[in-house]
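Engineer: Once you have looked at the hints, place chain Z on chain R.
Listed below, chain by chain, are the residues.
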Amino acid sequence: MTKPLVAIRSVAKSFGEFQALKNVSLDVWPGEVMCLIGASGSGKTTLLRCINQLAAIDSGGIWLDGELLGVREQNGRLHRLSEREIGRQRLKTGMVFQRFNLFPHKTALENIIEGPLQVQGRKADEVRAEALELLRRVGLLAKANSYPAQLSGGQQQRVAIARSLAMKPMLMLFDEPTSALDPELVGEVLAVMKELAKSGMTMLVVTHELGFAREVADRVVYMDQGAIVEQGRASDVLGAPREERTKAFLSAVI
Amino acid sequence: MRPVPALAEGFPDLSGMRIAREPHWFRWLSAALIVLMLAAIARAFANGQIEWSYVSRFITAKVILEGIVNTMVMAVLAMALGIFLGVVVAIMRLSPNPVLKTVAAGYTWLFRGTPLILQLLLWFNLALVFPTIGIPGLWSARAVDVMTPFLAALLGLGINQGAYTSEVVRAGMLSVDIGQYEAAQAIGMGRLRALRRIILPQAMRVVIPPLGNEFIGMVKATSLASVIQYPEVLHNAENIYYANSRVIELLIVAGLWYLVVVSILTPLQMLLERRFARGTLRFAR
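Those protein sequence lines, which keep their order, are chains R and Z. Position 243 (the first sequence) corresponds to 243 in our numbering; numbering is contiguous. Position 128 (the second sequence) corresponds to 128 in our numbering; numbering is contiguous.
Hints were generated in silico from the structure; no laboratory data involved. One thing to keep in mind: the hints can contain errors.
Which stretches of chain Z does chain R cover? Using the computed rule of at least three CB atoms under 8 Å from a CB of chain R, they are [unchecked claim]:
| hint | region |
| --- | --- |
| 1 | 174-181 |
| 2 | 190-202 |
Lysine-lysine pairs mimicking DSBU-like chemistry, simulated, CA-CA at most 35 Å apart [as the list claims (entries may be wrong)]:
| hint | chain 1 | residue 1 | chain 2 | residue 2 |
| --- | --- | --- | --- | --- |
| 3 | R | 22 | R | 194 |
| 4 | R | 22 | Z | 101 |
| 5 | Z | 101 | Z | 220 |
| 6 | R | 92 | Z | 101 |
| 7 | R | 247 | R | 194 |
| 8 | R | 92 | R | 22 |
Residues from chain Z shown here face chain R by an in silico Cβ test under 7 Å; the list is partial [claimed, not checked]:
| hint | residue |
| --- | --- |
| 9 | 186 |
| 10 | 187 |
| 11 | 278 |
| 12 | 279 |
Keep in mind it's a predicted model, so treat the numbers as computed, not measured. Backbone N, C-alpha and C fix where the C-beta goes; we use that ideal spot for every residue, glycine too.
Isolated chain R, as found in the complex (with noise of 0.2 Å):
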C-alpha cells in the first residue's frame, strides 16, 4: 500500500490574533498534482509555507515522506529541530515564489548551481551540466550566462523552478507563480508547469488559474477563512462545487 507523501494533521497558525489556519487535514500522495485555491488570506499560503518550513506550525503535525517536520517526540513532548535538521529536511521540497526571489548579484547559472554545490557539496561539473540541461529544459539555455535584471518576469519564474528542481526534491511547491507576472508571460511558465506535471513530479500548487487547475491538477482543493471546505476532482470542484461558499467564489473569479 502506498503512503501519502505529505500527511497535513490538525495543522493550526495564527499571526498574532489572526488564525491563519484552523485545523487543517490533507494528504497530498506521490505522483499527485494539487491545487489550492481560495480568496487571499484564505491560509493556502501559509499552508504552503508550513510544509516549506518558512512558517513554524503552532499545533498539530506535518509529515513528509513519513518523517515528522521541525519537531521531534521524546517522551510525550514535543521538542524543535535544529536549524541544520529543518535545512536537511527542507531539501526534500523544493518552493517556487510568487515574486521569483531569485540571487540577483547571481548569473542565471550561478543561481541553479548555488544549492548542490554549496548546501550539497557536490562535484562542480557535474551539477553544471545538470544545471544546463534544467535551463534547456526551462528553454533558457541561450541566458545561462544573464543576471536576473536582465531577464523578463516569465524567464525569471522559469529560472527559479530551475534552481527548485536542481535540488531533485520529491515534492515542489508553488506559491502563486505566475500572480507577479505580465498577462502574455503567464503561458510560458505555466507550460514549464505542465511539462513537470507530466514527469510524474508531485506538486502542490496555490495559484488562481483555474484554467491551469481545470487542464493539470489532479485535485483541487478550495480553502476560506484558514479551512479547507471542499476538495475533489478538478472537474467536480471546479465544474459543479457542492458548497455555497465555492459557488460563490468562483462566480467572483470567472
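Structural biologist: Showing chain Z alone in chain R's frame:
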C-alpha cells in the same frame, strides 16, 4: 467604424531643428566671481607671514613621510578591525538569539556613547587599572610594555569604528529583501551560509558608499592618536614645529598629505562599488 482621420493642419514641421545652447550668463558671472575670490585668498596667503619654502622643504622630509605612512597603516588596520567587528556585531544584532542581540546593542551603546579621544586615552592608560595583564599560569606581562601607542591607537580606533560600522552593515542587511532569506532557506541554507553567500554580497552594494565615508573619517581620526604619542603625520609635524616654531607651515604640510591620501581613496571606492554592483542593470555585463 470611423476611418482613421488625416493628421490635422496648423502644426509646423520641427523635425529639422535643433535645441539651441543657452548662453548661461549668470553661470559665467558667478564662476568669475568665485575665481576672483579664490585669487584674493591665495594672494592674501602668499603675502601673509608664511614661509612657503618651509612647506616645500618639509613636505618630503623623512619624519613627515614616516608620519604619513604610519597614518595610512593605522587607518587601514583600524578600519579592518572596525569592519570585522562591525560585520560580526551586525549579524549578532539581527540574530534571533536574545543574548547575542543584547551584547551587540550594549557594545554599540558603549563605544558610540563616549568620545573617541577619551577611549584612546583609556586604552593607553590601561596600565593604571591593570598593572600586569596576561593569562593566569601561562603568560603575563607589564601592561605598560604591552600597551604601546600603536596597540592603544589600533584598539581605540578599531573598536570605536566597529560600533559605527555595525550600524552601517545592519542597514545594508535590512535593505536586502526578505524573499532573499526565504529563497536561501528554501534551497536548504542555514542562517550563516545564507548571510555569507546571499545576503552580505547584496548588502555590500548599499554599504560601500557610507563605508567609504567612514574610511575617510578614519584617515583623519588617526590624528587623534597624536595625543597618545602615536607617530602619525600630525604628531610628527607638531614635533617639528615645537622645535622650529613654523606652526602654520607644518600644519599646511600635514593638511596637504591628508588631502593626497583622501584623493587616492575616492577612485578606489568607485572600483569597489563597481565590483559589488554585479547583476544591477547599470553595470550588467
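Engineer: Are the hints correct? Go through all of them and say.
Structural biologist: Each hint tested on the structure:
1. Only residues whose beta carbon comes within less than 8 Å of a beta carbon in chain R count, and the region 174-181 of chain Z has 3; three or more means the coverage holds.
2. For the region 190-202 of chain Z, the stated coverage by chain R holds: 7 residues have a C-beta nearer than 8 Å to a C-beta of that chain, and at least 3 were required.
3. Taking the CA atoms of residue 22/R and residue 194/R, the gap is near 31 Å; set against the 35 Å cutoff, the hint holds.
4. Between residue 22/R and residue 101/Z, the direct Cα distance comes to roughly 34 Å. Compliance with the 35 Å bound is thereby established for this hinted pair.
5. Distance hint between residue 101/Z and residue 220/Z is fulfilled; the C-alpha atoms sit about 31 Å from each other, no more than 35 Å.
6. With a C-alpha separation of about 32 Å, the suggested pairing of residue 92/R with residue 101/Z holds against the 35 Å cut-off.
7. A distance of roughly 26 Å separates the Cα atoms of residue 247/R and residue 194/R; the hinted pair therefore holds under the 35 Å criterion.
8. Straight-line distance between C-alpha atoms of residue 92/R and residue 22/R comes to about 25 Å, which keeps the hinted pair within the 35 Å bound.
9. This hint holds: residue 186/Z has a C-beta 4 Å from the nearest C-beta of chain R, less than the 7 Å allowed.
10. The restraint placing residue 187/Z at the interface with chain R holds, with a minimum CB-CB distance near 4 Å, inside the 7 Å limit.
11. Checking residue 278/Z against chain R: minimum C-beta separation of about 5 Å stays under 7 Å; hint holds.
12. Because the beta carbon of residue 279/Z sits about 4 Å from the nearest beta carbon in chain R, less than 7 Å, this interface hint is met.
When held up to the earlier numbered hints, the structure conflicts with none and fits them all.
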